[in-house]
Amino acid sequence: MSHRIAGSFRDPSGFVFREDGVVKRQVNPGFRSEFDALANSGLYDELVGAGLLVSHQVEREDADGTVVIVPRQVPFVSYPYEWSAGQLRAAALVTLRAQRAALERGMTLRDASAFNVQFVDGRPLLIDTLSFGPLEEGMPWVGYRQFCQHFLAPLALMTLVDVRLGQLSRHHLDGVPLDLASTLLPQRTRVVPSLAMHIHAHARSQRRYAHDPDAPTARAKGRFSMNAFRGLVDSLESAVAKLERDVPESTWVDYYDGDSYTDESFEHKSKLVAAFLADVEPAQVWDLGANTGHFSRIAASQGAQVVAFDVDASAVEAHYRALRGERSAILPLVMDLTNPSPGLGWEHTERESLTARGPVDLALALALVHHLAIGDNVPLRRVADWFAALASALVIEFVGKSDPKVRRLLATRDDVFDDYDVEGFEAAFAGRFDTLRREPVHGSERVLYLMRRR
Amino acid sequence: MKILARRVAWVVYLTMCFSLLIVPVANAYIDAGSGSFVFQAVIAFGLASAVAVRSSWGRIRSFFRGRSHPE
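In order, the protein sequence lines correspond to chains A and B.
All the letters of the first sequence, read from the start, carry residue numbers 1 to 454 under my numbering.
All the letters of the second sequence, read from the start, carry residue numbers 1 to 71 under my numbering.
Be a bit skeptical, because a hint or two may be false.
A short list of chain A residues far from chain B (calculated; beta carbon distances all over 12 Å) [stated by the list, open to error]:
1. Phe17
2. Arg18
3. Val22
4. Val120
5. Leu135
6. Leu409
Computed spacing ranges between beta-carbons, pair by pair [unchecked claim]:
7. B:Arg54 <-> A:Ala218: 27 to 37 Å
8. A:Glu347 <-> B:Arg59: 47 to 57 Å
9. B:Phe63 <-> A:Ala241: 24 to 34 Å
10. A:Arg223 <-> B:Phe63: 23 to 33 Å
11. B:Phe63 <-> A:Arg10: 48 to 58 Å
12. A:Gly106 <-> B:Arg54: 16 to 26 Å
13. A:Arg208 <-> B:Phe63: 38 to 48 Å
14. A:Lys221 <-> B:Arg59: 25 to 35 Å
15. A:Gly345 <-> B:Arg59: 41 to 51 Å
16. A:His172 <-> B:Phe63: 45 to 55 Å
Quick caveat, the hints were computed from the structure, so don't treat them as lab data.
Heads up, the beta-carbon is just placed ideally off N, CA and C, and yes, glycines get one too.
Looking at chain A on its own, in the form it has when it is part of the complex (with noise of 0.2 Å):
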């Protein structure tokens, strides 16, 4: 049983497709000199060898030049609006190194999407094999509109102005219009050389020639010498080096610190949730508010792969810079959980929804449901529907009223949340879950469960 993935079929030189499971790449005929030329000048081994490019194996090769591949892996697809700054300036650095031994090889990256780039183990990887063509002698690189729009653009808008305009890459999946980033950076920003370059003056390039039918397009070919070029990578590569700043303060970062837990409570639904994930020995967990990992790092530590999600940008920022260096089984992402990631792109298929990257194993939602039913007056059985489409079983925590942190929620609103009790909240959940194990927190009200989907 194989079908095709949606997010491929803009390319000519081939597909991804799903069989048995297993994603695998086909390599059209038309494009077998481009694929051959990837190993034979050995680029293939030298961004395998650096941890640049996915490894694949050859499956199948047909007499009439198709071959199948399969690449290693990608345990969780996740998409560019997803990111935090650092990881979308990981992404971008890892692309930039790729072309760099591609020009040195004769080769070059014929896009430079943002979302050919996967975290695997911690690491931004390119995943599209594909990518890769000869180098044109002369020809400037047809994937720079792309580098700027899809990484530089959105990268030096959340570094520079707010992180949360990274979402501006949800709308604008072909990047961030240069134009539009150019209206919304700040004025110092143009006697910044590389981004008074890169997104002021090109941007005013892209619109002097957008309704030109005589661009001179054809007089451009011809004259970018490898030189031009290899100045190209490096002053992008430096532009982007530069976009880093301190974690912005936010109250999420510093969560853990407040007034939710005391040392005893704390420690207590450590060892619970570590007895509770015991139990399931999950292989792919999705840690639903995650703030800044300490409870995806006890599922990680059991051998489960981690999605960490959080809607606050810059606990994902420091859960990502905790994380970076080191081999990784999390993946930390930005995700508001009240608006999740939708299907986007073409027939809505493109890129897939949160919703439809699940199931996993495992859902941990801890300290989360009081955000959900009181925060944002979600009810409490809406919440165990799509918490039942999301993973197989859950280990989640109950906040009650009494606890100072929705106490603080209820201090600015009517309390119209009658069903929000311990009574109500095990109703609602049992119409989607059977509940294996029920353990009060230590020196709390709270309660701690684990839930197996019925």
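Based on the hints, put chain B in the right spot on chain A.
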């Protein structure tokens, strides 16, 4: 001569900065790719020069380093 070249470079740089201070009108482009293509040809000379200068400077530095610290 050096001072004149530096002044010319400053005038070019400040003119570029000034022209960028004018906020462009937003458009939904039919084709943003042509402008990116042509733009690379415009900046090619500067990019190539930067690489040439860096590589020459590296050679000069290694020449003198080699002379002052013979192995």
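Here is how each hint holds up against the structure:
no., hint, verdict
1, Phe17, "holds, 29 Å"
2, Arg18, "holds, 32 Å"
3, Val22, "holds, 35 Å"
4, Val120, "holds, 30 Å"
5, Leu135, "holds, 14 Å"
6, Leu409, "holds, 40 Å"
7, B:Arg54 <-> A:Ala218: 27 to 37 Å, "holds, 31 Å"
8, A:Glu347 <-> B:Arg59: 47 to 57 Å, "holds, 56 Å"
9, B:Phe63 <-> A:Ala241: 24 to 34 Å, "holds, 28 Å"
10, A:Arg223 <-> B:Phe63: 23 to 33 Å, "holds, 32 Å"
11, B:Phe63 <-> A:Arg10: 48 to 58 Å, "holds, 51 Å"
12, A:Gly106 <-> B:Arg54: 16 to 26 Å, "holds, 22 Å"
13, A:Arg208 <-> B:Phe63: 38 to 48 Å, "holds, 44 Å"
14, A:Lys221 <-> B:Arg59: 25 to 35 Å, "holds, 31 Å"
15, A:Gly345 <-> B:Arg59: 41 to 51 Å, "holds, 49 Å"
16, A:His172 <-> B:Phe63: 45 to 55 Å, "holds, 49 Å"
Going through the hint list in order, the structure satisfies each hint without exception.
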